[in-house]
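Line order of the protein sequences matches chains Z and E. FYI, the working numbering numbers position 187 of the first sequence as 196, with every residue one higher than the one before it. FYI, the working numbering numbers position 420 of the second sequence as 422, with every residue one higher than the one before it.
Source of the hints: derived by calculation from the structure; they are not laboratory data. For glycine and all other residues, C-beta sits at the position ideal for the given N, C-alpha and C. Please note that the accuracy of each hint is not assured.
[Stated by the list, open to error] Simulated restraints on C-beta separations:
(1) Ile17/Z <-> Lys409/E: 14 to 24 angstroms
(2) Arg126/Z <-> Ala244/E: 17 to 27 angstroms
(3) Glu234/Z <-> Leu416/E: 47 to 57 angstroms
(4) Glu331/Z <-> Ser564/E: 37 to 47 angstroms
(5) Ser564/E <-> Thr349/Z: 35 to 45 angstroms
(6) Asp284/Z <-> Ala475/E: 56 to 66 angstroms
(7) Ser115/Z <-> Ser517/E: 51 to 61 angstroms
(8) Lys120/E <-> Glu177/Z: 54 to 64 angstroms
(9) Phe422/E <-> Cys32/Z: 22 to 32 angstroms
(10) Asp268/E <-> Gly332/Z: 32 to 42 angstroms
(11) Glu410/E <-> Gly332/Z: 17 to 27 angstroms
(12) Gly332/Z <-> Phe422/E: 25 to 35 angstroms
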Amino acid sequence: MTAKVNRIGLPQDAYKGGKSTLCPGCGHDAVTASLIRVLFESGVEPWRLAKMSGIGCSSKTPGYFSSGSWAFNACHGRMPPVATGAVVANRTLLPLGVSGDGDTASIGLGHFVHALRRNVPLCYVVENNGVYGLTKGQFSATADRGAKLRGGEENTFEPVDVCTLALELGCGFVARSFAADKRQLETLLKAALSFPGTSVLDVVSPCVTFNDHEGSTRSYAWGREREHPVVEVGFVPHWEAPEVEIPAGEVREVPLPDGSLVRIRKVEEGFDTADAAGAWRRLREARARGEFLTGLFHLATGRPTFVEGLDLVEEPLALLPEGRLRPPRSALEDALDGLTP
Amino acid sequence: MPAPNDFVLKVGTVNGSGSQTANLVLLRALFRMGVPCSGKNLFPSNIAGLPTWFEIRAHPRGWLARRRGVDLLVAMNPASAAQDLAEVLPGGVVVYDEPLALAGRRTDVAAHGVPFGKLVLEVCPEPRLRRLVVNMIYVGVVGRLLGLDRGELDAALARMLRGKEKALGLNRAAVDLGWRWAGDHLPAPCPVAVERPPRNLNEGRILVDGNAAAALGAVFAGVSVFAWYPITPSTSLGDALAGYLGKYRRDPATGKATFAVLQAEDELAAVGMAMGAGWAGARAMTSTSGPGISLMGELLGFAYYAEVPCVVVDVQRLGPSTGLPTRTAQGDILQVATLSHGDTRHPMLFPSSVAEAFTMAGDAFDLAERFQTPVFLMSDLDLGMNLWPSEPFPFPEKPLDRGKVLKEEDLARLGKGGFFRYVDRDGDGIPYRTLPGTPGGLGSYFTRGSGHDEFGRYTEDPAGYVKNVERIARKWETLRSALPAPEVIRAGTEPAPVGILHFGTTRWAVEEALSILREEHGIAADACRILAYPFHDGVGEFLRAHGDLYMVEQNRDGQMASLLRAANPEPVVGLEGILRYDGFPPDARSVVDAVLVGRRSAP
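Bound-form chain Z, shown alone (with noise of 0.2 angstroms):
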């Protein structure tokens, strides 16, 4: 029997990486196993993907899935300039991003904020788990005010939530999924494998060694008791053609530039993904409350790409030849012209 192949001719297992070494039951190998099946079913070619991560648990995953593409593991916190500078020398990479809270929220905040402000193309997954695992379960920067180690220590300071920070800085696709909530997960993985610019996906992923026990805020019980998707997501890739049309106002359809489409249909009424204030409200206001909100907050095309608005040739800048990278000699002889007194 011939393994079943995806639009490109590949079968699942061309997405598979090395075996993981994380924990049993990590929320992170849920996102991983969704990540093979989302770029098997996506017909991602795999040497244009480029797995982009930092230090800790999550940013080993590079690892464990897609052996075919490149990956920079690279130092902690500072995976988005590495990103950056990738996809600018090479505009035709898909950058994806995968990081953790203490990553994204402690060492890297500064990179991780200018990488939105500059809407970076780069799809950018943090697996958040609201505690160090390496270091033995320390809070991380995301962990809920009120939240509980193991020990019972209650952590006393206020969260950063990459999600309320994505929407204040313009990002354009801000979504938080469960890793225990595969169908949301894959959906939004696949969105924002297609959007443009940078795509925040927020992965409640639970850490079942050190942050997984009652008091916690990131545990799949938690997880499980309170999620409450915003919104349902539909995602129907470029080579299929959308099915009937939906009757307008119950569902908002929102093309991306490589011809896919996004289908949003509410499900907790008067949330706008259109809207990013409200979104920003009404997450501030769940924050208040302890809810746990998911799905796709905000989506909004159309704002010009950090590689756009470099007005870079066609090709990659990686590939160029000498004859276009070395100007001519009489450009010398006009700046040395320049250079006479």
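For this one, chain Z is given, so just place chain E on it according to the hints.
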């Protein structure tokens, strides 16, 4: 009285008062007359209000080092006038703003008060512009005193203000007024004087700062991604580069850019962007100064270990911490040599001139891609921000060296399992790399700063780990053989009793010192200019051939000497440091004095 064309002219003004254009007109007029000269801007870390100086040194033999003592002072700043006056040599001349009342304060100099405040009213009806225009009046006064050619003065002004007709008219009138006022009121001849040399010694030459020269070098080396965070004194490199790229690197057919200039949020991001771009295959570069180097350390250690090419220009400034941003030094040498934790090493190139800033910037890209490692161009503020005369830069004839990059067809030929990122196939320690995005399904690899083996896999296995880091050490030896030999100046056929080592901009004080030692003291000295680190064997040979050795450098701790001691198997004996670390470029006399002291105390 100094000989014609041998003098130091110093102008003391207030930062932000627009004196730079005036000072450059003087320098360029002198240059146009064919007199060898250079200009140094000694400025504060301030936008406006603090004292600032401009020094022009002229010398018939073209000495470029700073020289102590002033022959002609233009004193415009009450805050620095007393200090400025003290620097004037006996027999010197002072032109001062009349209210400063410097006449009679020193009996051994000729001081001339000029009523700049009154004169400017005559030429500049617009009160707002008077502060700027007044500077051009001293240009006229000084030009007349020195005996500058009036035609060259006007031509220099016209060339500087090309396309700004209104400003040109106003400034020309101010120069003319100063010129006439000096003719009517000041005694002639002036003891400090310019004479047009029989032959134009600047024929065909250019006048440029090292930052612009390095930027131009990068443009002609094909830099395609430049990521930076502004920091004094490297900022003008970024500005110049952006300007040149915009002019010379747009696709002729579409007008689109074959380059990207990225202003990062900090130095960590700047070098991170450069590394991301270098990894993806662009010719990538960043520029910074010491504080930025400190911040970049972590990622550059990564680039060393994961073997990511990029070029780092370090325009060095003075001191630890923030130090003095507008003062020069060679104080980052030791830090850069082993920047970042673990066993990390980085190659450095040491340009001494604007011409080398241009050529070495190009070499740095070839080395970075050939050896897949960050390469540092160790410039400094003196080179980067001051104006130096030079022969025109040569068009680079050598093709770009893009290093060992496997393309789709190479990978297909090697087949599955035929490529591993860190395997030493050629025995030179240099592995092959591939670029992300290469189609065909072969050639992907995992780039990591964590421990890895020759296959690029994470490993905690001692043998696999060690094999890879030893291969990188082998690569370092191959790199050493690709770096330039030192430039040795020999006094005779046999080694001279004195050997002077130096590098970078220290060159100019040393070369002048060699001639003073020979001509005034009868001391023969050889000199060895280090062009690169790791050291070429020639450096060790020079050390072994001389007993009375001096290492001239611009830092307190003798950093280059430390590297020399570390790099040489046998003890380096008798190596005396001649160290300058006050933020000003060294002068030849200081070097001479130190050698004379050393000679006296020698056994």
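Falls inside 35 to 45 angstroms, the C-beta gap from serine 564/E to threonine 349/Z? holds (42 angstroms)
Is it true that arginine 126/Z and alanine 244/E lie within 17 to 27 angstroms of each other by Cβ?
holds (20 angstroms)
Range hint 14 to 24 angstroms: satisfied by the CB atoms of isoleucine 17/Z and lysine 409/E? Holds - the Cβ-Cβ distance for isoleucine 17/Z and lysine 409/E, about 21 angstroms, lies within 14 to 24 angstroms.
Holds or violated: 25 to 35 angstroms for the Cβ distance of glycine 332/Z and phenylalanine 422/E? 32 angstroms Cβ-Cβ, so the 25 to 35 angstroms window holds.
Do the Cβ positions of glutamate 234/Z and leucine 416/E conform to the proposed distance bound of 47 to 57 angstroms?
holds (54 angstroms)
Look at the Cβ atoms of lysine 120/E and glutamate 177/Z and judge whether their distance stays inside 54 to 64 angstroms. holds (58 angstroms)
Satisfaction of the hinted span 51 to 61 angstroms by the C-beta atoms belonging to serine 115/Z and serine 517/E: The hinted range 51 to 61 angstroms holds for serine 115/Z and serine 517/E, with Cβ atoms some 59 angstroms apart.
37 to 47 angstroms was suggested as the range; check whether the CB atoms of glutamate 331/Z and serine 564/E agree with it. Holds, since glutamate 331/Z and serine 564/E (Cβ atoms, about 40 angstroms apart) stay within the stated range.
* For the range 22 to 32 angstroms, tell me whether the beta carbons of phenylalanine 422/E and cysteine 32/Z fit it or not. => holds (30 angstroms)
Quiz prompt | aspartate 268/E paired with glycine 332/Z, Cβ distance criterion 32 to 42 angstroms | solution = holds (35 angstroms)
Has the hinted range 17 to 27 angstroms been met by the Cβ atoms of glutamate 410/E and glycine 332/Z? holds (20 angstroms)
Status of the given 56 to 66 angstroms range, CB of alanine 475/E versus CB of aspartate 284/Z = Cβ of aspartate 284/Z to Cβ of alanine 475/E: about 59 angstroms, so the range 56 to 66 angstroms holds.
Every hint, counting from the list given before, is met by this structure.
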